[in-house]
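Undergrad: Sequence:
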Amino acid sequence: MPSIRVVVADDHAVVRRGLKTILEAPDENADATLPISVVGEAETGEEALLRVDDLTPDVLLLDVEMPNGDGVEVARTLGTMKSKTAVLALSSHEDPVYVQGLLQAGASGYLTKEQAPYLIREAVRAVADGQKRWFVSVTPDANPLDQFTERERTLLGLLVDGCSTSEIADAMHVTPATIRKYASTLYDKIDVSNGRAAIAWAWKQGVADRL
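At position 158 of the sequence shown the residue is numbered 158 (the working numbering), and the sequence of numbers has no breaks.
Treat each hint with caution, since some may be false.
[To be verified] Restricting the straight-line Cα-Cα distance to at most 20 Å, the calculated cross-link-like pairs of lysine to aspartate or glutamate (EDC-like) are:
#1 Lys189 to Glu150
#2 Lys181 to Asp209
#3 Lys82 to Asp95
#4 Lys204 to Asp54
#5 Lys189 to Asp146
#6 Lys84 to Glu73
#7 Lys204 to Glu122
#8 Lys84 to Asp54
[What the hints assert, rightly or not] Have a look at the derived ranges for each label pair, beta carbon to beta carbon:
#9 Thr165 to Asp209: 31 to 41 Å
#10 Arg210 to Ser166: 22 to 32 Å
#11 Thr21 to Leu55: 18 to 28 Å
Think of the hints as simulated: they come from the structure by calculation, not from any bench. Idealized CB from N, CA, C, for every residue including glycine.
Work the whole structure out from these sequences, hints included.
TA: Following this line, the structure appears as structure tokens:
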């Protein structure tokens, strides 16, 4: 039976055992979701990289504070390796330094150990499916949407929704040429070159679902 394959990385054995129990527990709607299987464990950042390389899991559930490579270093290294394993960070607290570092390193999400078990499983399934799950503020100092006009926020929201240029033009009651002009200004503000990169920016900033 297919399952979502997870490696759990934490420097405390009791935490790893607890997470394995949580992840592999059946959900109420188990018939509608893939089961989760913990296929490997690691207690250091270095071991986490080795397990991902050896086992190619769907998700690495990663403690942010570990010896021999913290969560940010591990996520950054996996990014340079072009790994397809989604990184879901886990911490006992919300640290803006780690949150921003993981965001920039390309992690798919961040949650605290106080989250309910079903939310941890939901987050694992979401990032395995290519989604983002940030259960903490990813912009502790400022709201990245504040730099946009209302029109630009609408445009970005329509891009995230998967609309084409012509569809956006119809929704905003302007011409496609005008939309391209609006988009150029938006792209300049966030230093990207196209709509796909703008969508990726919105997800990385944790604002895609707030547009």
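Undergrad: Under the criterion that the straight-line Cα-Cα distance not exceed 20 Å, is the pair Lys181, Asp209 satisfied?
TA: Roughly 24 Å separates the two Cα atoms, so the pair is violated.
Undergrad: With the threshold set at 20 Å, check whether the alpha-carbon distance from Lys189 to Glu150 stays at or below it.
TA: Judged against 20 Å, a Cα distance of about 14 Å means the pair holds.
Undergrad: Next pair to validate is Lys84 with Asp54; report whether the Cα-Cα distance is within 20 Å.
TA: holds, 13 Å
Undergrad: Between the beta carbons of Thr165 and Asp209, is the distance compatible with 31 to 41 Å?
TA: violated, 23 Å
Undergrad: Next pair to validate is Lys82 with Asp95; report whether the Cα-Cα distance is within 20 Å.
TA: The given pair, whose Cα atoms are some 26 Å apart, is violated under the 20 Å limit.
Undergrad: Sort out whether Glu73 lies within 20 Å of Lys84, counting only the CA atoms.
TA: Status holds; Cα separation ~16 Å.
Undergrad: Going straight from one Cα to the other, do Lys189 and Asp146 come out at no more than 20 Å?
TA: holds, 11 Å
Undergrad: For the pair Thr21 and Leu55, does the Cβ-Cβ distance stay inside 18 to 28 Å?
TA: With Cβ atoms ~20 Å apart, the hint holds.
Undergrad: Are the Cα positions of Lys204 and Asp54 separated by 20 Å at most?
TA: violated, 27 Å
Undergrad: Do the beta carbons of Arg210 and Ser166 sit within 22 to 32 Å of each other?
TA: holds, 25 Å
Undergrad: CA of Lys204 to CA of Glu122, is that 20 Å or under?
TA: holds, 19 Å
In the structure shown, a violation is registered for the earlier hints numbered 2, 3, 4, 9, in ascending order.
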